[in-house]
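Protein chains in written order, with the working numbering: chain A, 1 to 437; chain B, 438 to 874.
The hints are simulated quantities; they were obtained by calculation from the structure and are not laboratory data.
It cannot be assumed that every hint is accurate.
One-sided excerpt, in silico: chain B residues whose CB lies under 8 Å from chain A [unchecked claim]: (1) S612; (2) F613; (3) Q615; (4) D705; (5) P707; (6) H710; (7) T722; (8) A725; (9) Y821.
Since the structure is predicted, the reported quantities are computational estimates derived from the model, not experimental observations.
Ideal placement from N, C-alpha and C gives every residue a C-beta, glycine not left out.
Number of protein chains: 2
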Amino acid sequence: MEVTIVGAGLVGCLLACFLARRGHQVTLYERRPDPRERRAGDAGRSINLALSERGLDALRRLRLDDRVRAAALPMAGRMMHAQDGGLSFQPYSAGGAHAINSIGRAALNRELLEAATALPGVRVRFGHRLTGLDERRGTLAFDPGGGEARARVVIGADGARSAVRARLQRLPGVSFSQDYLDYGYKELSIPALRGQFALDPGALHIWPRGRSMMIALPNPDRSFTCTLFWPHDTLAALDTPHKVRAYFAEHYPDAFELMPGLVAGYRDNPVGHLVTVRCSPWHVTTPAATVGLIGDAAHAIVPFYGQGANCGFEDCVELERCLDRTGDDFPRALELFERRRADTDVIARLALDNFVEMRDRVGSRAFLAGKRVEHALERVLPGYRSRYELVSFTTTPYAEVERRVARQRRWAAAAGLGAATAAVSGLVALVRARADG
Amino acid sequence: MEVTIVGAGLVGCLLACFLARRGHQVTLYERRPDPRERRAGDAGRSINLALSERGLDALRRLRLDDRVRAAALPMAGRMMHAQDGGLSFQPYSAGGAHAINSIGRAALNRELLEAATALPGVRVRFGHRLTGLDERRGTLAFDPGGGEARARVVIGADGARSAVRARLQRLPGVSFSQDYLDYGYKELSIPALRGQFALDPGALHIWPRGRSMMIALPNPDRSFTCTLFWPHDTLAALDTPHKVRAYFAEHYPDAFELMPGLVAGYRDNPVGHLVTVRCSPWHVTTPAATVGLIGDAAHAIVPFYGQGANCGFEDCVELERCLDRTGDDFPRALELFERRRADTDVIARLALDNFVEMRDRVGSRAFLAGKRVEHALERVLPGYRSRYELVSFTTTPYAEVERRVARQRRWAAAAGLGAATAAVSGLVALVRARADG
């Protein structure tokens, strides 16, 4: 089968690998030039990724996991930076057994592009921006050059601002939403200090500050990429070098000392937006063509659970399952794939919820105590797993994670009630014994 | 001030009247030809409107209410048609004091277009489809002809599938949703019977059938326009004349006998879609231009509360208030107008909720009994008003309607509790008296 994928980003390239392995002829159209020929890169435009089990599982199926891990740095927990400079480390799992993996988006994209183009049957057309898509005729149009292509199967892997989805949205019956947070993000850098990491490279660093926060992820060159998640009005208010320095000196004093390029980075790096996208259905089939969506194009989420790319990679695994079950009948496979929305709706919500946890609650005593209790339960109770662990270190479907967490809470509540009942019974017996005595 | 309005539908024409009265120069761009020159009309494409107080209030401010009322038929209540042909009438207000007004969209649009074009400073450009809008330069482009216009103030009154909104949606930070029901609508007709109305013309007729329903509104030519609101699968399933006749004979037997053109109408009339649109913000201001949205373009709702046009007309009144308060400073007025979202969000939800009520609960004994209690309370308690009455027969802001309904429920609950307390006290006293005796 000939399959057209729009977008040669992370998910587009990975999907091309899966489909080529199944014997399909894949053409990837990408609006940007070949990243392997670019020098500039995407400085200040993309959050570092935290690859975890769902992403690694997808890569493992293509034997790409070792290559990718070699370019990544494991982070076994969160390092919280209090305003007074105090540090506290919270392992992501009991005993720090599991880690998430920091990797730059550009590096990962290059690996996946290499992997895809090395496969027979995959070709990539760079500098092709989709300007038209007619599912009734099975045609695509591109700028520049105005070329037209025909396709019976089109999969949009073209991200949160998907051009393929823009076409679907115009069809009656396609429900859609884009919800922006009132927050922007901006990237900054903590360079290596005398050739060494300036902070512990084995952790994801968080500076929770109530309404806003900063995070930092390590890079192989021993720098850290920092990302501010601030309300737009705060971001806009720091409009002079003096204000930038004064604000960081007050709110992020330990990081401020490690950021010699702060003022220039703050001035030059753009403000990114944080959007959650929902769309239903994700596909349309006509006699001429089937058009579907995958990854961020189908369900962009905010980055606060570190699951955007992991979820997109898992989409590829799930679509492969749907192809297995339908004998590579793409219209039927894309119909089956719609069931995944139950899972992507859950992670979209968890990602939003986790922003509040990261910027606000994660620094509190109650939160830290809760995490300690959770890890103790993980050690003591066979089968008990925290939500974070189920999301990040298993491939349990997201919706099933939520059902399991709810079950575990009921058990814990029942156990607590049981203990309380026993205590009261004991007390009653004691009182009676004394009354009788 | 020169103001450009995109869309010469109901709200666009009414807004032009309001703005021209304030001394502004208004240009209306409309993609369709002049409806006054058309013969065909929009058969089968638009639900009859039920004009109620919010719409009439807006028309009254322009002294247009008498003209419009003359073309409308008052409906003082709902006439429910049971499957066995049994009828029951529910007045919309206590004693049938208030009525909503059935009017065809095309007739109303012509009246408003006449009113707008009769005013100095208003001009209309028909056959102009908006194809481009650049708020950074203050330019608009139109098809056919490819003309470009400049504008400092652009207001999109171009409906649920607004082209102006499509431009706003592409700006980062503009949250948006379109939610389709799994239901379609299709129009049919009950012609006059021997020159007379075939049903009571003083009511809105409803055939509630659980998952689906039909309604009928009277027309001045003594016909009724019927609208089916059915699940898409049901609409698609009736694909032969036999199936259409059999289905109507079974589910709508009394109407079936009054619909000689049923089979042709069912076959020829298109299926419409039911969408709820939300957008935030509704406007954007640059140094070159201010672009805003009004009516369905800003907040399309489903038709089940009869408030779509009424809400759009009330938008015009509210925008006029904002212009009053800002001295006709459009950027500031449109910023103030954003507060109206609190009201339009409420009516969007009520319209969705009312679908369930109309198709399902409206025929039940519990519902009828509830309505009787409500009307009794309206007669007995000073100030008590049902939600339907507040929405349809007052201009109380929608959000305030909800707060008032909540207050009334608390009072009623407290009164009920008071009565129960009194009863229990009496019982206790009685028991004590007997025990003492």
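Status of the hints after comparison with the structure:
Hint status for S612(B) relative to chain A: holds, with the closest Cβ pair at about 5 Å, below 8 Å. Because the smallest distance between the Cβ of F613(B) and any Cβ of chain A comes to about 5 Å, under 8 Å, the interface hint for this residue holds. Hint status for Q615(B) relative to chain A: holds, with the closest Cβ pair at about 5 Å, below 8 Å. A cut of 8 Å between beta carbons decides the hint on D705(B): the least distance to chain A is about 18 Å, and the hint is violated.
A cut of 8 Å between beta carbons decides the hint on P707(B): the least distance to chain A is about 10 Å, and the hint is violated. Nearest Cβ of chain A to the Cβ of H710(B): about 4 Å, under the 8 Å cut. The hint holds. The criterion of a C-beta within 8 Å of any C-beta in chain A is not met by T722(B), whose closest approach is roughly 15 Å, and the hint is violated. With its C-beta approaching chain A no nearer than about 20 Å, A725(B) sits outside the 8 Å limit, and its interface hint is violated.
At a threshold of 8 Å, the smallest CB-CB gap from Y821(B) to chain A is about 38 Å, leaving the interface hint violated.
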